[in-house]
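Residue numbers (the working numbering), protein chains in the order written: chain A, 1 to 232; chain B, 1 to 232; chain C, 1 to 232; chain D, 1 to 232; chain E, 1 to 232; chain F, 1 to 232.
A portion of the hints provided could be inaccurate.
As the list makes no split between identical chains, a pair holds if one copy fits it or if it spans any two.
Claimed, not checked - Here are the simulated lysine-lysine pairs, BS3-like style, with alpha carbons at most 30 angstroms apart:
id, residue 1, residue 2
1, 35, 3
2, 185, 159
3, 159, 35
4, 159, 3
5, 35, 196
6, 141, 35
7, 35, 185
8, 196, 185
9, 3, 196
10, 187, 141
11, 196, 141
12, 35, 187
Derived by calculation from the structure, the hints in this document are not laboratory data.
Please read these numbers as outputs of a predicted model, since none were measured by experiment.
Protein chains: 6
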Amino acid sequence: MEKIAVRNIRRAAAQDITALESLGVATVHEAQGRKGLMRSYMRPIFTGARIAGSAITVLNHPGDNWMLHVAMELCQQGDVLVVGVSDEDEHGMFGDLLATLAMARGVRGLVIDAGVRDVRDLTEMGFPVWSKAIWSQGTVKATVGSVNVPIMCAGAAIKPGDVVIADDDGVCVVPRDAAGSVAQKGKARADNEESKRARLQAGELSLDIYDMREPLADAGLTYVDSVDEING
Amino acid sequence: MEKIAVRNIRRAAAQDITALESLGVATVHEAQGRKGLMRSYMRPIFTGARIAGSAITVLNHPGDNWMLHVAMELCQQGDVLVVGVSDEDEHGMFGDLLATLAMARGVRGLVIDAGVRDVRDLTEMGFPVWSKAIWSQGTVKATVGSVNVPIMCAGAAIKPGDVVIADDDGVCVVPRDAAGSVAQKGKARADNEESKRARLQAGELSLDIYDMREPLADAGLTYVDSVDEING
Amino acid sequence: MEKIAVRNIRRAAAQDITALESLGVATVHEAQGRKGLMRSYMRPIFTGARIAGSAITVLNHPGDNWMLHVAMELCQQGDVLVVGVSDEDEHGMFGDLLATLAMARGVRGLVIDAGVRDVRDLTEMGFPVWSKAIWSQGTVKATVGSVNVPIMCAGAAIKPGDVVIADDDGVCVVPRDAAGSVAQKGKARADNEESKRARLQAGELSLDIYDMREPLADAGLTYVDSVDEING
Amino acid sequence: MEKIAVRNIRRAAAQDITALESLGVATVHEAQGRKGLMRSYMRPIFTGARIAGSAITVLNHPGDNWMLHVAMELCQQGDVLVVGVSDEDEHGMFGDLLATLAMARGVRGLVIDAGVRDVRDLTEMGFPVWSKAIWSQGTVKATVGSVNVPIMCAGAAIKPGDVVIADDDGVCVVPRDAAGSVAQKGKARADNEESKRARLQAGELSLDIYDMREPLADAGLTYVDSVDEING
Amino acid sequence: MEKIAVRNIRRAAAQDITALESLGVATVHEAQGRKGLMRSYMRPIFTGARIAGSAITVLNHPGDNWMLHVAMELCQQGDVLVVGVSDEDEHGMFGDLLATLAMARGVRGLVIDAGVRDVRDLTEMGFPVWSKAIWSQGTVKATVGSVNVPIMCAGAAIKPGDVVIADDDGVCVVPRDAAGSVAQKGKARADNEESKRARLQAGELSLDIYDMREPLADAGLTYVDSVDEING
Amino acid sequence: MEKIAVRNIRRAAAQDITALESLGVATVHEAQGRKGLMRSYMRPIFTGARIAGSAITVLNHPGDNWMLHVAMELCQQGDVLVVGVSDEDEHGMFGDLLATLAMARGVRGLVIDAGVRDVRDLTEMGFPVWSKAIWSQGTVKATVGSVNVPIMCAGAAIKPGDVVIADDDGVCVVPRDAAGSVAQKGKARADNEESKRARLQAGELSLDIYDMREPLADAGLTYVDSVDEING
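Can you build the whole structure from these sequences, using the hints too?
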């Protein structure tokens, strides 16, 4: 494992981050061609939060949260901490004290491919966390990892400064360079969905709105009136 | 995989469905001899909902939600969509647009052995879903499956028109033919439990209410006053 | 499997139990040297509850809840039921009727390495449960196990009369003999954390509060200004 | 759980069973339209075995192997024991003594959605088993289940007398009525594959043998000469 | 985590260890009342090995194999290394170099609730290992654990000097004090099984050998001649 | 999902690939700084094989093996097929026919984050496969993916032309550019290990060879003569 902490990273434009936040995970994920989604086991500790921010990436040794302390100094207002571990891990690497510091420094939230604890306190403080587990198991500070290097987190590759979007649907990563174009595509997609929503609310079938009947027939779908027709 | 959509299915009597809904999953499951329960990984996206309805069954290819669009046309007021997949799958096959259409058509809820997305929207809309996962991963529309054929869903076999009951305890299936008799047995069971509840609330032991002391002794249970008695 | 029910157990002092409850799982776990934590799959059926009490231990055969009935008679006001099973199990061994009896007898809550059902009722009754699963699958009463013998529960060893603490972070076990000293250490730890919290709230870095900069350098951490410095 | 043992079952024709055995799991599964496959966690205790036979179905309570003893009497030469459990289970329900009896009665092998033990002995005896786990945990004989009723086993529905095929690829079930037609389709499929094999061995591409180039282009596949073409 | 290495431990009598080895895991586990079995995920890296020995216990931090080096010095001819970790872990903590040293010191084998690597070399060397995973992921030497303290390993509690038995069925622990009595009971059990084996080989039913027919009838088992009898 | 097949890729030097193959997974993984290892669930279908080759990367839709056919045409003598899927998947995407073609084209083996079937045939043919599962479940050819684009496979990022090394320990990826330097470092490491092996074989402790005694004492390790010293 490298042992490097990178002090300065490039961030996406604030307006693009704000735009991605308002779009949410599902739309952003679609808008960038279905890439960058973390695995489904990443769940929020409380429902209803939606955040986006520039990733401060942290690579920890299992059961060791030392690098989280290093990362705190390198965070700016609006950043999101994203923590990967070099093996599967569920240690409670983050609790109310680190959350207190993170909030003091303007960190938007935490995405961690490991465990978190003090979740009742974090919920009361309104500090959102997406984690693999809720577990109190304590950590050591013995092995140096890295901050702001490219990492893997819950199946997604992420580089420092990439934009992380998280909500009740999970967590998605947008490469820094792509933030603007994905935000734009996402808005177009959302607008398009809006126009569809009214028709669907009126009970119009998606089969008709999206012209699916012919492709379905071509692909071999057969309609029968009742199951009796099949069985004879 | 067959490629059939069955237009018309037989449904259970409305009063039986209503009765099963008011009994809930645990009682219905007991009343029909402990059959028909889906696996424990099927969890609601929000708590507090309890529904019952006639199953519109959908068999999808993994990562493909095409048949859900076909199924929408075949739903009636009060039906429940039940989705199986031919392999383990967590794709987000259902989101706010399909939920909008489902609500417009009177569908009561969704039971899906795969993933769901837009769960904050679905929660705000009050559209209940029981799923294996919450995941945004998008789907294709490339492989034809079936609607209203017998399927497997989360370990339970289900035929179109069977009654699906779902609440915070999970999901249970009652064969259409058995709906009436199970509802009746369930009511008897609930009444019986009600009479027991008062005695238990008064602190009477279940050991005595159910006459368990003698069978326990016969089966070999020994009481000792303290652990010292065993060790010393 | 032994077939013994032990009538009387020794309990920790009430004031120590109360102190442990107010400290919560994460602090207690730290205070006793990071032992006694159950696995992370033990989750509460509703959030916000925090309990501590003397363990009435129950060892069940899979799919058989007979010993829970035996245990009820041996509970006192303030006790916590702790249930282990001789294999991995998810049966719904406990529901609203047993909860009614448990509440009548003053039981504080249930910790069960298996399933629970009627969770909506239990939530309305305010009876807290930490379980491996929510599942309605019914149980038999055919095989005798034991009550108040040492058991394993979710990866933790527990003896009757040990103190169980449970909250949104999970479940922790403190040996009866150690309750007083752990409570004391926990309070010292909580006081210490309180003093740190103010400094962290003011934005002071944990790197400085805990004097980590020198050990990090000794362990090989290198700071670079930007990623360009590494690559080029 | 029902408590029934059915003495006599109908079996498929011996020649069809033999034919299915020689085809193997993968071919049989394809020949019957990709149905009837058990989940991938069912693994053989030793490699190289391939069997087919009429299913004697056994439904056990978790941790209880009583019905296996009942089933032994109802087996005939050439049958295969298929064991389901009413919950997920890993108990070692079967060992060298039951295998000795099974071999004495001409049973071909065991398929069990639970655990097995004495695997070194079973391997030496040449008695093939496909199981979910290898685990020594002992069982009780306390709860009556059923023999020769329809059961679920590792995700597949199976009725007594259905044909079970098992080899290194896993386990597949063919309904008794379909044994003849599936055997026929399987042979046709195997013959067809044989003719393809020679062409593939000669290095002819499947793209050409199966005329896939045009459908791929229609579905949107684009060839580029090198990755530079995409990026720059 | 404590940081202690205990130099000297008490061991069971050599003849009892030899006796337990020849009985094997399944018989030993039964003979001591079905206790002490590790979970089923503990698998041998090659089949056919059967060992027993006194446990040298090792408690590691995840991803850190430092204590294995400490343990080597404390091993005697005939001992077995048993490694627990403070969280779930799959790091490859042991490979061909440590195996070379272990063999030089007369260690019989390794039981590790984590990962192992160089398995082809270990297989060629004939050094048996039972592990949770095979994984090359390397470890650090940064956090001190303990040697020869009581640990948990794969769900079983084990103290230094307890006897560990391992074969193709898995791993079982016998407390040091109990080694003699369990060996005796195990031999009696094996003798008894031997006498049953001959009768079973001759096709005599276990139903009759163990007099199960009456208890089965009492417990509610009903025989029917065919499934037609049930259905109508 | 992109729909691109890249015809030509750059490959590492043949001598570097050969060198990496002879070093094996564990050494290569260490030599490149503990990166590039696939998850531990990737297991060989038979033991004893060790391969290295240039990766032809394939990105499939779940349950769809169409791109494998496309990839075959783009393989050269000595290449290794590496297959990722856009969701977790266990379909049997590869069997004896594709293996026949692969061998005809000189492909060294297959690494697939999904299922494989016909494993007895593949074993007899000597075609090595590392997969997530063995499962016969058949696939469709309906959704276009990509060949020779960067993919994720079993937790590792891999680009076309990177070197894949696979043996009984699992699978490791070395970036094309790094093949030479990693091969060199690996040889140095292997040589160094060789010199250590002789000393270890003679029973010299790793504690002494690696000078660990002082760092252990500094890190807090305390030796005691016996457990009595702690307790009493």
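task = Could you work out which earlier hints the structure fails to respect and list their numbers in ascending sequence?
result = none
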